[in-house]
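Protein sequences appear in the order of chains A, B, C, D, E and F. In terms of the working numbering, the first sequence is residues 1 to 236. In terms of the working numbering, the second sequence is residues 1 to 236. In terms of the working numbering, the third sequence is residues 1 to 236. In terms of the working numbering, the fourth sequence is residues 1 to 236. In terms of the working numbering, the fifth sequence is residues 1 to 236. In terms of the working numbering, the sixth sequence is residues 1 to 236.
FYI, nobody ran anything at the bench for these hints, they're computed from the structure. Worth double-checking, as some hints may not be accurate.
Note that the list lumps identical chains together, so a pair holds whenever it fits in one copy or between two copies.
Stated by the list, open to error - Taking lysine-lysine pairs in the DSSO-like style, the calculated list, with each CA pair at most 30 Å apart, reads: (1) K141 x K178; (2) K215 x K11; (3) K11 x K178; (4) K188 x K141; (5) K141 x K103; (6) K141 x K15; (7) K15 x K188; (8) K188 x K178; (9) K178 x K192; (10) K103 x K215; (11) K11 x K188; (12) K215 x K192; (13) K215 x K15; (14) K215 x K188; (15) K192 x K15; (16) K192 x K141; (17) K11 x K141; (18) K188 x K103; (19) K15 x K178.
Note that the structure is a prediction, hence the values are computed from the model and not measured.
6 protein chains.
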Amino acid sequence: MSGVIVTDPPKADAKDVEALAGYGVATVHEAMGRTGLLGPHLRPIQQGVRVAGTAVTVLSWPGDNLMIHAAVEQCGEGDLLVVTTTSPSTDGMFGELFATALKQRGVRGLVIDAGIRDTAELRDMDFPAWSAAVSAQGTVKATGGSVNVPVVIGGQVIRPGDVILADDDGVVVVPRQKAREAAEASRKREDKEAATRAAFLQGQLGLDRYGLREKLAQLGVTYQPYEEYAADGDRS
Amino acid sequence: MSGVIVTDPPKADAKDVEALAGYGVATVHEAMGRTGLLGPHLRPIQQGVRVAGTAVTVLSWPGDNLMIHAAVEQCGEGDLLVVTTTSPSTDGMFGELFATALKQRGVRGLVIDAGIRDTAELRDMDFPAWSAAVSAQGTVKATGGSVNVPVVIGGQVIRPGDVILADDDGVVVVPRQKAREAAEASRKREDKEAATRAAFLQGQLGLDRYGLREKLAQLGVTYQPYEEYAADGDRS
Amino acid sequence: MSGVIVTDPPKADAKDVEALAGYGVATVHEAMGRTGLLGPHLRPIQQGVRVAGTAVTVLSWPGDNLMIHAAVEQCGEGDLLVVTTTSPSTDGMFGELFATALKQRGVRGLVIDAGIRDTAELRDMDFPAWSAAVSAQGTVKATGGSVNVPVVIGGQVIRPGDVILADDDGVVVVPRQKAREAAEASRKREDKEAATRAAFLQGQLGLDRYGLREKLAQLGVTYQPYEEYAADGDRS
Amino acid sequence: MSGVIVTDPPKADAKDVEALAGYGVATVHEAMGRTGLLGPHLRPIQQGVRVAGTAVTVLSWPGDNLMIHAAVEQCGEGDLLVVTTTSPSTDGMFGELFATALKQRGVRGLVIDAGIRDTAELRDMDFPAWSAAVSAQGTVKATGGSVNVPVVIGGQVIRPGDVILADDDGVVVVPRQKAREAAEASRKREDKEAATRAAFLQGQLGLDRYGLREKLAQLGVTYQPYEEYAADGDRS
Amino acid sequence: MSGVIVTDPPKADAKDVEALAGYGVATVHEAMGRTGLLGPHLRPIQQGVRVAGTAVTVLSWPGDNLMIHAAVEQCGEGDLLVVTTTSPSTDGMFGELFATALKQRGVRGLVIDAGIRDTAELRDMDFPAWSAAVSAQGTVKATGGSVNVPVVIGGQVIRPGDVILADDDGVVVVPRQKAREAAEASRKREDKEAATRAAFLQGQLGLDRYGLREKLAQLGVTYQPYEEYAADGDRS
Amino acid sequence: MSGVIVTDPPKADAKDVEALAGYGVATVHEAMGRTGLLGPHLRPIQQGVRVAGTAVTVLSWPGDNLMIHAAVEQCGEGDLLVVTTTSPSTDGMFGELFATALKQRGVRGLVIDAGIRDTAELRDMDFPAWSAAVSAQGTVKATGGSVNVPVVIGGQVIRPGDVILADDDGVVVVPRQKAREAAEASRKREDKEAATRAAFLQGQLGLDRYGLREKLAQLGVTYQPYEEYAADGDRS
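Same shape as in the complex, but just chain A:
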């Protein structure tokens, strides 16, 4: 597979990235109309860490980490490396040496739709990572691929320079051009959630707050006391 290494793509504004880092993945995903989530198969190797950065993307052959080496050079301050493979793989393509090189360049973390290794070392050096698998399986450097081209993970297109936000709930991509709008929408959503939280703490029900009682009635959902329900001869 021949490929291309795209240099100097435009990146989301650092201020917008910082703003987005103030919100959780679920909040930003909701604020963008429930889009951008990379799927539940990507899990963090650490707990309690939230990070945001601009994507440097890598498309690799399975079992081959040559293109990650090429990508390191394209990475700089505030970036977050995003790696996927041309077909499914659990091999441990990324470990502590890569993390050392990336950290030295100011890279904030890794999202990889394949395997990762040296997980204890990565935790020790505070290099956060989200991966589809943990595996010590090593890889070769034999086949070409691409850097900074659009890639797809979990049904979402990620372009170089897009914002990647990751926490314990998973990973969300915010398109570069929508970073400001998404940050703004997230702030609004969080304000709304704060009000809802306060109301819930005082005992209000979602049924009432969101006007759902009517909806239940329209949908034909009925209330029935247990005795009546049980007497109906329902076989349950």
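Please arrange chains B, C, D, E and F on chain A, whose structure you already have, making use of the hints.
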């Protein structure tokens, strides 16, 4: 899908629930003749927590959390919310706002055969949860379902008012009418295990304690020194 | 299924086992030419633990732990129990009582290609374990199997007396006769990695250190500025 | 595991079973309000066969077919054998000899949430089967279980005497007491579908037939010509 | 979820579609540099059918087929319907009535990254389909989505008007603007394969035809007679 | 990964291979004491074909079919190609051109623990295959591997020259040195099965034929009339 919200089902006796909370999931499952386990796909989002409560059950459409809102109103002190969907889903149907509302009502935790989100926040607020997935994916409120009807998770039927016990090993359901009997049997099993533990610590073997040497012989299992075995020309 | 319990197999030299315990799973796997890894489906129940021991192997019927009882007697100081089943199973075949008996005999841990239970207790007693599932599901003692015969996990053959090394990245098997050689190769690899780490910390790139720029060129991978790439009318 | 073999359970009326056999699985599932489906993991070993019968249920230990032998005696004319295991298993618990014995007794087929073997022979002898796996893996006869107790497959409870209907789309269970009602509802649904089919053949749209244009508008779904959509600068 | 129904997108040239229909999925995927394949999870419900058409795309909520109704109106002669959901689902969203309506409009088939039902009927009416699951599970019409927006299946972006080619090996997408080029490249590849086939039939080896003997040597792959290899004391 | 191509390994006697070809996979697996099965994940691409041959084994890097080219030269009359990868892969490593070359050399079929493509063409040319996936995804020729070394599929070790037997139920390996013994045992088992079949056709029960009534009693399995069971207040 129309549905029904069953109100005021009978619940297991609080004293029996407390008694069961004193034992691990594995112990209670064994004490009930190896029944009631909800399967290894349900994993805790926290570590080292054991909780027991009476089930409030929810049957939802995939990608839709309307019925969880309806269920909140049916929940009270000592309950534990149990949610499943009519077809498989990993969507994050439950998060911090629901947990806030439930905690305020005295609910002890969540078991959900689907996705959960805001996991860091749930851990921070000590609201324990067991789920089939972690996902920030949001849901709609568009389709009816049922509350407090019998539901099935991992091949086990759960009825409202049944006891749910969960810990790091998974989740077990104890039918309401068998709660006392199960607590009693668990106590006996634990006593027996304590005696076995003591014996093992003094070097006794399970082979002898359980009379298994005879069984091995009956089954035709034989002992063979390594040299003899290797010389047999076995290709291993 | 009749079977055989092989007694007193030769074991890897304790000194070699200790030497291997000084390296991570990924390092040893690489040092052996990327072989021996038991696959990403085996996950630790604890974090931050590395252990090495000599394998006592068990081949069991699914849902049946009779042969683990037989294996306990064959275990001693410095061993590590390795269990698999004749067909896939997630049942919790191993728990705290077994761990108690094994720890009393100096056994260092467990690797099981099936389920495990009492995970909180195992963590409390510092008995490390790697398993394919966590499940409280209990088992019977009804069908024969074998102890200390070659078994296969994740495509790797494990013979009694082989070295098993496990950490957060997974589990690797080192054939008994290659233990010394593997330890030696691991030491060399670690020296090389230390040099690379130092170079990376000073900003050297893998592209240069490993001579990969040439390889990329040979493979037809080209560099292209973003503006040019975007202007190409590529639909991305 | 001790167990119980329940004899002479009541069965659905043969006339209702025949009536249900006239409809497809999808039709009956819809007619019952979208309930009763045993899930997409059960696949037929043949193509183009539809069969209905009254359930004789078996709960077996994984890797053990003892209870199927016990069940054969409980089977008779018009029955359909339904087998599940206490924990997940792909072992080939059922083959041509069982099919020979069952066919001789008038049994109509098999639904098994585990493995099956001798599939070529079963097709040759016109004994239809739906299974979770095809596997030649053999089993033992060592552990007890139950016959004609309620079992759960794919989240559905199946009781002895219930109607099982299976075709290329999967398997549905109709509770014994609802067999007549389900047949009646299926007939009505099929009539309705025939009318819809005729309308569709004449070019009517579901949008109009089901009044969905309004619903789309209410949900905020809008129509946009491609040029306008593309010009919006949407990054797609 | 609000959404948009995009009308009258540009489509690949019919002549190019016909040209592509003359090649297999594997050939076209190779001719495009090993890109465009939708992944092995999409399987045909029939055997021996190859079809090509222009994509009409649908993005639906899981468990909801409202947007397929909206899509029917956008479909015409030579199209092929492509459906995916916002989160994973196996529900049977598509059946015989939809196929009737689509066939009446000249639509050539269906690719759906979810479930399908009425598979026997679809085969009978020669409406080919590729799906991620077969399931009779019914769906609602409650939540909005989009038609003719870019969708992602198996890591590939599909835009309305792109060419979809499907056969027993799976499904490949050819971007609209590359249809001619892909057809041309496929023809060349097929010519080359014909020459290779002829050479292979006369006994030539791929090792020689592709010059791989040298490559093996460069990679350090060596030849060894069995006796020598076995005598090496390799434990295999 | 450097590797080795082992030439001229000893092969199972052709007469024994022919003898084994007369029995089904399930029969041979049983006759060998329920061993040798390669697991239910390997499925045939055709129906109703049984084939036996001597294994030529290939160990490949994922996404790379270089070593299959090397293996072709090692294949001859009566062989069956067995391919696996160093880590899991679904890529379509094998297609019609390989089949053409192999058929020309008298090779009987393929077993591959990865993907296959050109399935329609393979069926047309009567080249039978069993694979873990069907996928058109193409591969490179960049990384070394081995031919005719022991490989592992589904937990079974396969050595060059071993007998591979495959049919609709799956694939079984018979070690070279045990081929005669396995054929003999299969014949005996088939004779026994014929007698059982005859007995079953005359109405004898397995319960009686295998003396299982006693076993059920020993295991504590009891018989209970439905009315009594239902009256027990069991919640089912």
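Each hint tested on the structure:
1. Only between protomers do K141 and K178 lie at most 30 Å apart by alpha-carbon distance; the minimum there is 26 Å, versus 36 Å within a single protomer.
2. Proximity of K215 and K11 under a CA criterion of 30 Å is satisfied inter-copy only: 29 Å between copies versus 44 Å inside one chain copy.
3. In the homo-oligomer, the alpha carbons of K11 and K178 lie at most 30 Å apart both inside one protomer (12 Å) and across protomers (29 Å), since each shortest distance falls under that limit.
4. In this assembly of identical chains, the alpha carbons of K188 and K141 lie at most 30 Å apart only when taken from different copies (21 Å versus 47 Å within one copy).
5. Only within a single protomer do K141 and K103 lie at most 30 Å apart by alpha-carbon distance; the minimum there is 22 Å, versus 34 Å between protomers.
6. For the identical chains of this complex, K141 and K15 are neighbours neither inside a copy (37 Å) nor across copies (34 Å), given an alpha-carbon limit of 30 Å.
7. For the identical chains of this complex, K15 and K188 are intra-copy neighbours only, at 18 Å inside a copy versus 45 Å across copies, given an alpha-carbon limit of 30 Å.
8. In this homomeric assembly, K188 and K178 come within 30 Å of each other (Cα to Cα) only inside a single copy, at 15 Å, whereas the closest approach across copies is 43 Å.
9. In this homomeric assembly, K178 and K192 come within 30 Å of each other (Cα to Cα) only inside a single copy, at 21 Å, whereas the closest approach across copies is 45 Å.
10. Taking the shortest alpha-carbon separations for K103 and K215, only the inter-copy value of 25 Å comes in at or below 30 Å, while the best intra-copy value is 52 Å.
11. Taking the shortest alpha-carbon separations for K11 and K188, only the intra-copy value of 24 Å comes in at or below 30 Å, while the best inter-copy value is 40 Å.
12. With identical chains, the CA atoms of K215 and K192 are at most 30 Å apart both within one copy (22 Å) and between copies (27 Å).
13. Taking CA atoms no more than 30 Å apart as the test, K215 paired with K15 passes in neither setting, with 41 Å inside one copy and 38 Å between copies.
14. Taking the shortest alpha-carbon separations for K215 and K188, both the intra-copy value of 25 Å and the inter-copy value of 28 Å come in at or below 30 Å.
15. Taking CA atoms no more than 30 Å apart as the test, K192 paired with K15 passes inside one copy only; the shortest distance there is 23 Å, against 40 Å between copies.
16. Taking identical chains as interchangeable, the C-alpha atoms of K192 and K141 lie at most 30 Å apart only when they sit on different chains, with a minimum of 18 Å there against 50 Å within one chain.
17. For the homomeric pair K11 and K141, the shortest alpha-carbon distance inside one copy (28 Å) is at most 30 Å, but the shortest distance between copies (36 Å) is not.
18. Taking the shortest Cα distances, K188 and K103 sit within 30 Å of each other only across copies (25 Å), while inside one copy they are farther apart (33 Å).
19. Within a single copy, K15 and K178 get their C-alpha atoms as close as 13 Å, which meets the 30 Å cut-off; across copies the closest is 39 Å, which misses it.
Going down the numbered hints, you'll see the structure goes against 6, 13, while the others check out.
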